[in-house]
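**Student:** Listed below are the residues making up each chain.
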Amino acid sequence: ETGVTQTPRHLVMGMTNKKSLKCEQHLGHNAMYWYKQSAKKPLELMFVYNFKEQTENNSVPSRFSPECPNSSHLFLHLHTLQPEDSALYLCASSQDSYSQHFGDGTRLSIL
Amino acid sequence: GQQLNQSPQSMFIQEGEDVSMNCTSSSIFNTWLWYKQDPGEGPVLLIALYKAGELTSNGRLTAQFGITRKDSFLNISASIPSDVGIYFCAGRRTGANNLFFGTGTRLTVIP
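So the protein lines, in turn, are chains A and B.
Just so you know, we're using this note's numbering here: the first sequence kicks off at 1 and counts up by one.
Just so you know, we're using this note's numbering here: the second sequence kicks off at 1 and counts up by one.
Note that these hints are calculated values from the structure, not bench results.
Careful, some of the hints might be misleading.
[As the list claims (entries may be wrong)] Keeping only pairs whose Cα atoms sit at most 27 Å apart, straight-line, the calculated DSS-like set for lysine-lysine is:
| no. | chain 1 | residue 1 | chain 2 | residue 2 |
| --- | --- | --- | --- | --- |
| 1 | A | Lys41 | A | Lys19 |
| 2 | A | Lys40 | A | Lys22 |
| 3 | A | Lys22 | A | Lys36 |
| 4 | B | Lys70 | A | Lys40 |
| 5 | A | Lys52 | A | Lys22 |
| 6 | A | Lys22 | A | Lys41 |
| 7 | B | Lys70 | A | Lys36 |
| 8 | A | Lys41 | B | Lys70 |
| 9 | A | Lys18 | A | Lys52 |
[Said to hold, decoys possible] Stretch by stretch, here's where chain A covers chain B in the computed footprint (C-beta under 8 Å, at least three residues):
| no. | segment |
| --- | --- |
| 10 | 42-49 |
| 11 | 92-103 |
From a predicted model like this one, the values you see are computed outputs, not experimental measurements.
The beta-carbon is built from N, C-alpha and C at its ideal position, and this holds for glycine as well.
Full structure from sequences and hints, please.
**Tutor:** Have a look at this one:
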């Protein structure tokens, strides 16, 4: 098993759909993160969970809803997204505040 | 907000040449990380630096944590075609848990 696994790898959805992105880490880390990666922009931190508790919400619109049922799994629930939400969504994990390990991302396209 | 200035934005080099890129911040950092991202994949950690002045190598890659704590450098020696990709710097401010990312350096190696 690779360290951080994200599914699906690609997702196309309409603006009225509801879908979820999943992330699973097999590294025994205690922190998990969601990032948004858009072309020609730095990685944008969206949410941080430490020991399943959300410790950061970086002014993310409510149409993105994270869920962390345990320290190995992280979800991002999507609802009523906008075209500008099309991007690569990356999940990462870390042990405490040390280096973060990333998954391969979900490429999201909003029609 | 915190900004990391990464340069150059892109580089085109001949196979066998050495490469240098750098990252500067307006704040003092206690951690610098360098990642590489290949198309369709997530960023992969190359080198982590935790002490000012630290010089660390990983094969043909060498990175340094600047003495001022506000910058870091990545050098690649004797480049090969598989070095192609986007290189990101990331840093963590003292007292903060989260990483700030640069906008990336896109490297193209011409065989």
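**Student:** Enumerate the violated hints, using their earlier numbering and listing them in ascending order.
**Tutor:** Of the numbered hints given earlier, the structure breaks none, since each of them holds.
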